[in-house]
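Assembly of the complex is requested from the two constituent chains, each provided in isolation within its own frame, with the hints serving as guidance.
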Amino acid sequence: MKPVRFDYAAAPDAATACSLLTQSVAAKPIAGGQSLGPMLNLRLVRPDALVDISRASDLRGVRDEGNAIVYGAAVTHAEIEDGAVPDATPGWLASVARRIAYRAVRNRGTIGGSLAHADPAADWVNVLTALDASVVLTRSLGTRTVALAEFFTGPFATVLAHDEIVTGVRVPKRGAAARWGYWKFCLKVGDFAKASAAVLIDPERGETRILLGAIEKPPILLSDASAILAGRMPLAAVVTDVAPHLSYDSHALHVAALRRAIALATASGEVAA
Amino acid sequence: MTALTLSVNGVEVTRDVEPRTHLADFVRENLNLTGTHIGCEHGVCGACTMIVDGRPVRSCLSYAVSCAGADVRTLESFDNDPVVGLLRDAFSRHHALQCGYCTPGMLATAFDIVTRLPEADETRIREELSGNLCRCTGYVGIVAAIRDVLARGPHARTVEPVARGVSPRAVSGWTDATKVAAGDAATATFAVPVPERIDGGQTLSRSIPVPVSVERLWATLQDIETIARCLPGASIERINPDGSVEGAFAVAIGPMKARFAGTAQVAYDASSRSGTVRGAGGDGISRSRADGAIRFAAVAAGDDASRLDIDMTYKLSGPLAQFGRPVVVAHVVDRMLGEVAANLARVSEGGVATASAPIGGIGFVLGTVLAMLRQLLIKDGK
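Protein chains in written order, with our numbering: chain A, 1 to 273; chain B, 1001 to 1382.
Any given hint could turn out to be false.
Here are a few chain B residues that face chain A, going by a calculated C-beta distance under 10 Å [stated by the list, open to error]: (1) Thr1002; (2) Val1065; (3) Gly1069; (4) Ile1113; (5) Arg1126; (6) Val1162; (7) Ser1167; (8) Val1171; (9) Gly1254; (10) Gln1322.
From the structure, some residues in chain B lie toward chain A, with a derived Cβ separation under 7 Å [claimed, not checked]: (11) Arg1020; (12) His1042; (13) Gly1043; (14) Thr1049; (15) Pro1056; (16) Ser1066; (17) Arg1164; (18) Gly1165; (19) Val1166; (20) Pro1319.
Each pair of labels, with its calculated beta carbon distance range [what the hints assert, rightly or not]: (21) A/Val189 / B/Gly1035: 24 to 32 Å; (22) B/Asp1309 / A/Gly231: 37 to 45 Å; (23) A/Ser223 / B/Thr1123: 32 to 40 Å; (24) A/Gly206 / B/Cys1136: 55 to 63 Å; (25) B/Val1011 / A/Asp191: 32 to 40 Å; (26) B/Arg1157 / A/Glu204: 37 to 45 Å; (27) B/Thr1123 / A/Tyr248: 26 to 34 Å; (28) A/Val25 / B/Glu1076: 40 to 48 Å; (29) B/Thr1203 / A/Leu187: 18 to 26 Å; (30) B/Gly1153 / A/Pro86: 26 to 34 Å; (31) B/Cys1136 / A/Leu187: 17 to 25 Å; (32) A/Arg5 / B/Asn1240: 29 to 37 Å; (33) B/Pro1082 / A/Asp249: 44 to 52 Å.
Just so you know, these hints were derived from the structure itself, not from any lab.
Don't be surprised by glycine CBs; every beta carbon is placed ideally from N, CA and C.
If we strip away everything but chain B, and leave its shape as in the complex, we get (with noise of 0.2 Å):
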């Protein structure tokens, strides 16, 4: 818990909060300020649009403990107010809500149009409502209800430049107590079933030489613990007597860390010197998850030479789907793909694996790869 003191609708008040804690839900919670609407909570809707220092804020994206020494104003405070009062009215005339819920941040983001912007037509006004999601009116009466107001500028407007420091004194180290779980939830297992097939997965294709015989080649491949070596990130915790893997792989995507925990099945076939692994993880903390089949081969090419093809197929969903984008996940599972294709050529000439943590940055969504590579690595029971 941290104190916390800073303005709300023009009263101080102190209160102990957990960093953690949003600006929309201390008002709601801590102060029940129930004005405010939460939506989406990250940053997109607007719903929870707030009034933070005579600017329009996303409470959901603002910490409390940021807000130290704040003059924060929720929609309670606004009552009284002359320009409020006018896009109330105008509100209700042009029919611009209809449930209501985006429009206490709708208000907060017309309060900054009709007063920052006393000259803005439709065209600035729609630009402006931009991050301000509406499902039931299309924006229409909004829009109509904000250019009424402004015909009725222009409107008085009391901003002050933003000069809220930190006193020295308020700085105190790390407190251990704090120090929390993430690590050691991140440990935690969770059973994800492998579907059989992947719709709308990606898939990615390696074909590399490898300087040995197709039959050392194989058997490289067929020897787990050597594999496992070659995938960065990955572990094998579990080989079960149905052959089924239990695992996971770390994944970074620049400050993005997940860790899917999972089942992998392996299966050859010696006749064709392939094989494929399919395999599913969740990362239980983001809620995410990753899909993924790999499907390799021994090719002969010559009397000592061989080459290595695999093909991956992948798809994540959940949040970090979202947040890695498809590009950037290809960009980073195809550089992960070519790191363990290097990694096996190498082994199969008898040199080392390069190991490798997850690499931050380049290291996405290796996550999904390691997720099929690790399952390259294990052996199925027959």
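Chain A on its own, in the form it takes in the complex (with noise of 0.2 Å):
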């Protein structure tokens, strides 16, 4: 299908996409597009107009600020894949990278727009929160900066108002101490997650996460780390009381996700192959 009538502008940079987006209620930014395009297409999405944040200068650079990289929003995956920017943690980015969607996808899909787009099941959306990542909001009015855990609001949804657009990722720095873990379940390569799980031990800054992803709903942290990593909590019941709402199915395959990022992350320390 074709998507309806459009208006287009391509930004040059933040500022002026969000001027574009203030002028019309109903348009709508555009990154990489992979995942509004297919919505677009199919006519699930009528924007009046599209704001190009692809190309705008200042979302496509990368800046290290000490303990943290803070990621141009328009930095698409192929280019985390590929080492073509820096990866805060010790080739944990990259490695996921590889796995979203597929290379023609990667080329063009954006680690803003994947953020910004809030699915539940979209890799960024849950290994971003479990490294405990923030994301840098701009409109007109000015700039804040929101952590991942309070960015998403419900499947699809966040706090960025309508003419707010992610510009930037910061992700902090994981050293060689840090373990991580990161497990998916699949129908098929490349699909969307039924089910992951994170896990992070970062020694250094003390700090240690556990996340349940792809619940339909945004990503939940768990509470008692700790006890879980230490096996005094039996999983199936941590995944039944944070996320009820799963099938028996489902609920299944989110407690061999966590088993497996758990083991991922306490055995040698690699990531996941």
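Spelled out as structure tokens, the structure:
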């Protein structure tokens, strides 16, 4: 199918994009368009206008802030996969990027676009929340930074205002002592995950985080992470407790994801191959 | 129309295009380069994969206007390319195609594999091919052909970092002329027959205590005007003499928005203080459809207390169902159902319903719910 007719403007920078969005309540920002594109083509999304931010100069860079790296929102998955931008972690981001959809999608899809789209099953939504990343949001009125744990408000929903865009993604650096495990279950390579879980153990920063993802609503950071890692809490009960809405099959998959992610993070410390 | 200049197969071309024209349509319709095939048109099948700035992309998910200044290569430009020459030959020898529909996309992806991943083994090749669907070959021949060409490598690869900016001078404001008709079209109504039963539907239930007598709750349930106010996003356009109701409900699932217009039939059973609403609605623009049935009952629970039981069976079909995954929809519907039940209870007590437009994000498939709910409102003629 073809999208409904829409007006289009490519923004040279974030300020212009915000200004264009302010001028039309029915305009939508688009970056790589790999998630919005199918919805547009199927006419499930019918904007009057699109503001293309994929080539905005200030969304394409990467900035090292010392203890964190800020990725421009329009950095593509493929650029992270290829190491064309520095990795804030010991290779974890590149490993995750390589398994997002397909290469042809990764060449256009962006890290900021994925977060703004807020599909509960998307890799960055879950992985970056587990890594305690935050997003830099910009609108004509100013800029704010929001932790991802507070950014998602529902499936496909975020705190973004209509005329506000994600301009950057701040990912805390993780050193060689940190351990990580991410596991997702997909029916087919490149498909959206049916279940996922992530485990971060960072002794340098004193952080232990366990995340349950792909639950059709924003991911959940489990309390009692240390007790779970110590094996003091049955995983099936943990999953039931935080996600009682999951079906029997889905519950089983999430328990498996949790178990696999914990194993990956606590065994040799190697990233999921 | 937007003026677009880009390089296609090494030649600079300038055309006026509609912004909604995707790259595959642009090269096929405007440039007559029909080597690119279009399959699913929503990023699933990979048939339209072509090379942009040296990289494979889904051309159906790349609007032509977003490729201003890009270097686009279609299958037609690979006639004399040595690597694609090897691939073409290997595809023939290994029977890597039968009907040939997926082949242009397969060759674009294969070109990426053999130039980017010289060490790829069969597992990696299959992983990389996962975004290109072939219904004829079972992939065995395709994988063999790619391995064959890899074994003759390494093959040269020239890919520059992508640095296509946008000139600030290129930006103008919005033009009124292109403000379109999405809104107008959305108000059109479509008659959808109400099904007798809903096969494969999901059912959700709610039971909510109401601190009023069962008689009062029952009276509320029969007041269409009041009930209408309890249903977010629902609107009634007409109540027909036969008791059926025409109306619509608006649905928002994140960026996805639909307006289901249709009919509903309501039946009450005074003896059991219960009723049924059956409805069906279509969203013509997205060709999506919602079917729903609500059963509700007012149950006595003491002198001045009662209980409202609602259960709802719903089914979405068409593109919206594809994107509104079942659990997401259930989540939204359940939340909606809770809101409606709470509103009905509040109104029974003499309060005011919390008016709410379809809730973006959470409101997803409220539509579905609304559909049913709205029918709740309706009273049949008997």
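Checked hints:
1. With a least beta-carbon distance of about 6 Å to chain A, the hint placing B/Thr1002 at the interface is held under the 10 Å criterion.
2. With 10 Å as the threshold, the beta carbon of B/Val1065 comes within range of chain A, its nearest partner Cβ sitting at about 5 Å, so the hint holds.
3. Nearest Cβ of chain A to the Cβ of B/Gly1069: about 9 Å, under the 10 Å cut. The hint holds.
4. Taken as an interface hint, B/Ile1113 checks out: its beta carbon lies about 9 Å from the nearest beta carbon of chain A, inside 10 Å.
5. Given hint, B/Arg1126 at the interface with chain A, holds; its Cβ is 8 Å from that chain's nearest Cβ, closer than 10 Å.
6. For B/Val1162, the suggested interface contact is upheld, since its CB lies about 8 Å from the closest CB of chain A, less than 10 Å.
7. Among the interface hints, the one on B/Ser1167 holds; its C-beta lies about 7 Å from the nearest C-beta in chain A, closer than the 10 Å criterion.
8. Given hint, B/Val1171 at the interface with chain A, holds; its Cβ is 6 Å from that chain's nearest Cβ, closer than 10 Å.
9. The beta carbon of B/Gly1254 is positioned within 10 Å of a beta carbon in chain A (closest approach about 2 Å), and the interface hint is therefore held.
10. Of the supplied interface hints, the one on B/Gln1322 holds, with its beta-carbon coming within about 8 Å of a beta-carbon of chain A, less than 10 Å.
11. Checking B/Arg1020 against chain A: minimum C-beta separation of about 4 Å stays under 7 Å; hint holds.
12. For B/His1042, the suggested interface contact is upheld, since its CB lies about 4 Å from the closest CB of chain A, less than 7 Å.
13. Against a cut-off of 7 Å between C-beta atoms, the interface hint on B/Gly1043 holds, since the closest Cβ of chain A lies about 5 Å away.
14. Using the Cβ-Cβ criterion of 7 Å, the hint placing B/Thr1049 at the interface with chain A is satisfied: the shortest such distance is roughly 5 Å.
15. Interface hint status for B/Pro1056: upheld, as the beta-carbon distance to the closest one in chain A is roughly 4 Å, under 7 Å.
16. The interface hint given for B/Ser1066 is met, as the beta carbon of that residue sits about 5 Å from the closest beta carbon of chain A, less than 7 Å.
17. Taking 7 Å as the C-beta contact cut-off toward chain A, the hint placing B/Arg1164 at the interface holds, the least distance being around 6 Å.
18. Satisfaction of the interface hint for B/Gly1165 is found here, the shortest Cβ-Cβ separation to chain A being roughly 5 Å, below the 7 Å cut-off.
19. Annotation: B/Val1166 was flagged as interfacial toward chain A, and the flag holds, the nearest CB pair being 4 Å apart, inside 7 Å.
20. For the restraint placing B/Pro1319 at the interface with chain A, the shortest Cβ-Cβ distance is roughly 4 Å, inside the 7 Å limit, so the hint holds.
21. For the pair A/Val189 and B/Gly1035, the supplied restraint of 24 to 32 Å holds, since their beta-carbon distance comes to about 27 Å.
22. Taking the beta carbon of each, B/Asp1309 and A/Gly231 are about 43 Å apart, inside 37 to 45 Å as hinted.
23. About 39 Å separates the C-beta atoms of A/Ser223 and B/Thr1123, a value consistent with the hinted range of 32 to 40 Å.
24. Under the hint 55 to 63 Å, the C-beta atoms of A/Gly206 and B/Cys1136, about 56 Å apart, fit the expected range.
25. A hinted range of 32 to 40 Å holds for the C-beta pair B/Val1011 and A/Asp191, which are about 38 Å apart.
26. Range check, B/Arg1157 to A/Glu204: about 38 Å between beta-carbon atoms, so the 37 to 45 Å window is met.
27. About 32 Å separates the C-beta atoms of B/Thr1123 and A/Tyr248, a value consistent with the hinted range of 26 to 34 Å.
28. At roughly 42 Å, the beta carbons of A/Val25 and B/Glu1076 sit within the given window of 40 to 48 Å.
29. Hint check: B/Thr1203 to A/Leu187, Cβ distance near 25 Å, so the stated range 18 to 26 Å holds.
30. The hint said 26 to 34 Å for the Cβ distance between B/Gly1153 and A/Pro86, and at roughly 29 Å that hint holds.
31. With their beta carbons about 22 Å apart, B/Cys1136 and A/Leu187 fall inside the hinted range of 17 to 25 Å.
32. Checked against the hint of 29 to 37 Å, the pair A/Arg5 and B/Asn1240 passes, with Cβ atoms roughly 35 Å apart.
33. The hint said 44 to 52 Å for the Cβ distance between B/Pro1082 and A/Asp249, and at roughly 50 Å that hint holds.
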